[in-house]
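K.L.:
Residue numbers (numbering that gives the first Met the number 0), protein chains in the order written: chain A, 0 to 294; chain B, 0 to 656; chain C, 0 to 251.
These are computed hints drawn from the structure, not numbers from a lab. Source: prediction; values computed, not measured.
Derived contacts from chain A toward chain C, CB cut-off under 10 Å, selection only:
#1 A52
#2 A158
#3 V177
Ideal Cβ positions, reconstructed from N, Cα and C, are used throughout, including at glycine.
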Amino acid sequence: MKTLIIEMIEPKRLGELVTVSREFCEQPDMVAVGAGQIPGSFGKAYQVADTVAANLVSDLASLILKEGYEIVLLTASTLGSGIAAPLSVKLSAPVVSEVIGIKPDLVVERPLYGGKAVATYKLNKMPAILTIRRKYFEAADLQGFTDSSPLSIAEKKVALIAEKEEKTEGIPLEDAEVIVSGGRGIGAAENFTMLQDVADLLNGAVGASRGAVDEGWVQPTQQVGQTGKIVAPGVYFAIGISGASQHLAGIANAKCVVAINKDEEANIFKRARFGIVSDYKKIVPVLIETLKEEA
Amino acid sequence: MGRTPYWNIDLGILIDLFALPMIVIFFYGMYGHWKRIRQGKVRVNLDLSKSAGKIGPVYLYSLLTKGILGTKIYKKIYTGVAHGGLFWGMVVLLLGTILVFLNVLFGLPVFSGGFNHWFMAFALDFAGLAVFGGILFFLVRRLLFPPERLTEPKSRTGFSPIVLLLGVVILTGFVVEGGRIACNGIDNGSFMGNYLSMMFGKGDEWLTLHRYMWWIHGFLALGFLAYIPYSPLVHLLLVPVNAALADPMPGTKMGLIDFSSFEDEESEEMPVLGAAKLADFSRKRLLDYSTCLWCGRCHEVCPAAQTGKPLSPKGVIITLAECLQDGRVEDDSLIDSLTSEALFCCTTCAACMEACPALINQPKTIMKFRQNLVMERSEIPELMGKANSSLELRGHPFFGTGAGPNDWCKDLDVPLFEEGKTEYLLWIGCSVTYEERAQQIAGSMVKILSHAGTSFGILEEFRCTGDPAKQMGNEFQFAELAQQNIEDFSDLGIKKIITMCPHCYNSFTRHYPKLGGNYQVIPHSVFLKSLLKAGRLSLNRETNTICYHDPCYLGRRNAIYDEPRDVVNSMGKLVEMPRNRNESFCCGGGGGNYWAEEVGTRINQVRAEEALGTGADFIATSCPFCLLMLTDGAKKFTEDQKIFDIAELVALQLEER
Amino acid sequence: MHIVVLAKVVPDYEVPAGDFELTNSRAHSRYKRMMGLYDENAIESGVQLKEKYSASLTIVSYGIKADIQVLRKAVAMGGEKLSLVLGGSDDPNVIAANLKMAVEKLEDVDLILAGQQSADMDRGIVHGMLAEMLGFAFIPQVAKIEQEDGQWKVIQNTESGSSELKFGGKAVLSITSVPENVPRIPVVRSIFAAKKKPVVQLPEIEGDAMPVDELSVDIPKMESVCEFLPTEDDPAETAKILLGRLREERLI
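Turn these sequences into a full structure, and let the hints steer you where they fit.
P.N.:
Following this line, the structure appears as structure tokens:
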């Protein structure tokens, strides 16, 4: 099936889409949004400088019709969600957002009810538009670069005035896919740097239980729990956290909780998917080492 | 030989004439207070209980004990004695002065015989000494060693001048007496006067000095009297009035708000909800503010003020007092100057009003402001707002809870309440349903009641009593929830309710009757005690020491102190924390502050530390919120689980058998 | 200026996973119905705009008649009227077409705000489709809106930070949750006033369903049993096993 990827030039996001595209074709085509060289090898590549979704929809629709693309892939990101829905109307095409699984015969899965249920859909018409939820597909290794031809924009509806980059340490807890949280069991403020290292290596954020915040080891903005942030990461490392219900309430939607605690009776193990009964000071440094080796 | 009035004084009657303008000034000052207080709303409590010892709006017993005897002031023994000396001394001196007047006017024979000896001479001298001692105590403390409660957030000026003036009056009085005795000979009983006369010796200069001093003493004494209404000493008149009018029921009660005028389309004037300015308060509240002495006893016991939070009950009341004094009754920037951050720090524990010697109802004032912030201005801290929304949407405030409504009883066999068959409704309440740690209380209670053969049942579905909404200031939300509950209860014919949460108990007993819901409500601690008494439950008194924490809503607000202690005592040895019973320190969770991002020191840690400091084996309480807050607070100090509800401890003993 | 906020009534989005069950592939009907959190953020943003620019504010929804009671809260927060299209479809195309009809009946709409996704289907596409149907620009993930020189200036949250965008025409903005748009608790007089505000109930129009079949909806099995990793031997081994297991489950 003729597949088109529309994405920013960002290797991880692009890599995940390439992985998904292999379910549909050998080699997808690509519209790169923004400036820069396009990593990976694509059949055809177009490039558009304008990064505002609203300005791209019309011309993308024309391109898709002209080239006869059957599958259009985007990430479930600000750009992807800005393009997908209007594009579907323009093309009278079906759109499925936040896809987390692809099965044969154009069957896709997506979560409902805050992840408490998963729905399976069959796409009945081409072209079909899919936005892919991040972190559900392993990013393909992108070899080499592909030359692109420019895609022109006919009408600029919305002007971009400024862009602000936030530092990586500022990944909002609510958005983080990996959260490394510490509690009173961490023992001291300086030990949180260890958690920060794990978080950095996994592109995650550091959280804390109320105990650690109370001790003044971390900022209140980092508190996870009923009286802090309600988070829904893929992996939640609970290190030295006993697992008070107020804390558990904040991580009810975490997919996988990894608990590291000395006390095997700790409540957190009831909520955990993986448990390590040990002093975190023995485990976390080697975890950092292992991650560094693999990187 | 008797004393001759106006001895050595010419035209002494002039002093009586001078008294007239002074009395006018005095009453003008008092009228000023009335004029300010009058600006409040007239609020007539329709369901005034016709209790014994109550005449019109006056609670005689309170007037006599708290108002006149000033019983509360002796909680601080030194201040109490000093104050007692000053006050009762002045009462005796005033009586003596009146008797002198009666002697002058009607020839009442007070200057003769034993009465002259024991009262006019000895008692008046002794009273003068007591007053002088009190004055010295207050001056030294206020000027040299002021405790924090007097200075935070600020001290009242105006005490020292009038107290000094009074000191001079007393001293000149003694000098006059000494002069008189020096010239006329020893007056048996007047030990001060006799002593001074011996220092003076005899001489004409003493006659002159006596004359001048007599006039100075007279003018100053009358000046002092006239000055009282314009000085902090006016409390000696206002406190008894405030005490007479204060509802003696423990704890603060927020009356109902009639929302019907909002429903009525024709209604021109909509009532202000809560209070934003002085004019929104009742006259009783304005009397509170006028009465306040700024003594700071409330500040000293306030869990918020003592843990570095922006609220001080004294600060609130004195801000209002100053505002009232300045005549800014319509100034609605008042609520902003108090700041909503501070107002929402109140845990409604009522320790302030318990400590207040002037019978001021601080929590009610704070709650009125909260009501205005929430119901008129949508201003509420974010987490409390979330709890409020959850109450509205789900009927419980525990947003984000990981528990379903039936999780607490999934491993238990709990009967449902059946109309006509079941005697007691076991009311579970929201914290017990939705907080994992608190769920154990219900499990224990079910075990105990089954063991004791009590006829009880639970509701299939329930909602919160509305207490958190009410304490956060959302009276409207409370009324909605309460009305729905009352309907449900009458459908099922519920008459007797056992509560596990004092907040539910307080709602059912204090607020539901006004909405038409009348039930016999029994807190679980009281019920456990009655099971023990009836022999349907027997416990072994073990060697464990158990410390009991009084929940504010059971203790201070409902005066239930003994029953839980009796239950504790039948399981182990009861130990007390330094602050216990009506002086108990809040766990920090009341007034919606369970859902607060606390600033400063955490109240629950302060209290948990105090409890752990007793070295008791267990710390018992009888409120799920206290249980949750203290359990959390104790984590800072120990890894052991030491804090239990009394029902859990009872159930534990049953299981061990 | 006329601002429309889209709101949808959904089953309680905070039902804990352990208590969640389905009937006919949808959340069980026993759950309380309420507006989604993002919708409330959108309403709050709309009310703030209304207050700042003296705009008028209409709440538009698609749902069942019983939803009116829930949507009154949106009106109490600051809406002036409520327009509800009566229908029970879950199809994004059908919903968008009906919302378009409702918006067009209002005529002079300048700006449409919507929560970034409804709290039931979590799709986040209906508002984008509506924008295209109306010929409006669509901007997702908006955190802040203001007017400047007769144009709208918005801050859009992106994965790496934020973008400041400006546009002159009409638009649909999907609103994300930020501290500035924490939904207010309606004041009491507004709650009473909301009971008297006009409610327009519109019959549903037929729309073309999206050519997608829903095959099934399932509740993923929650592994509640904790798998304890061996710790006796080498901590490095434990770390490797852990990372391996997390990769297996595609979590990192």
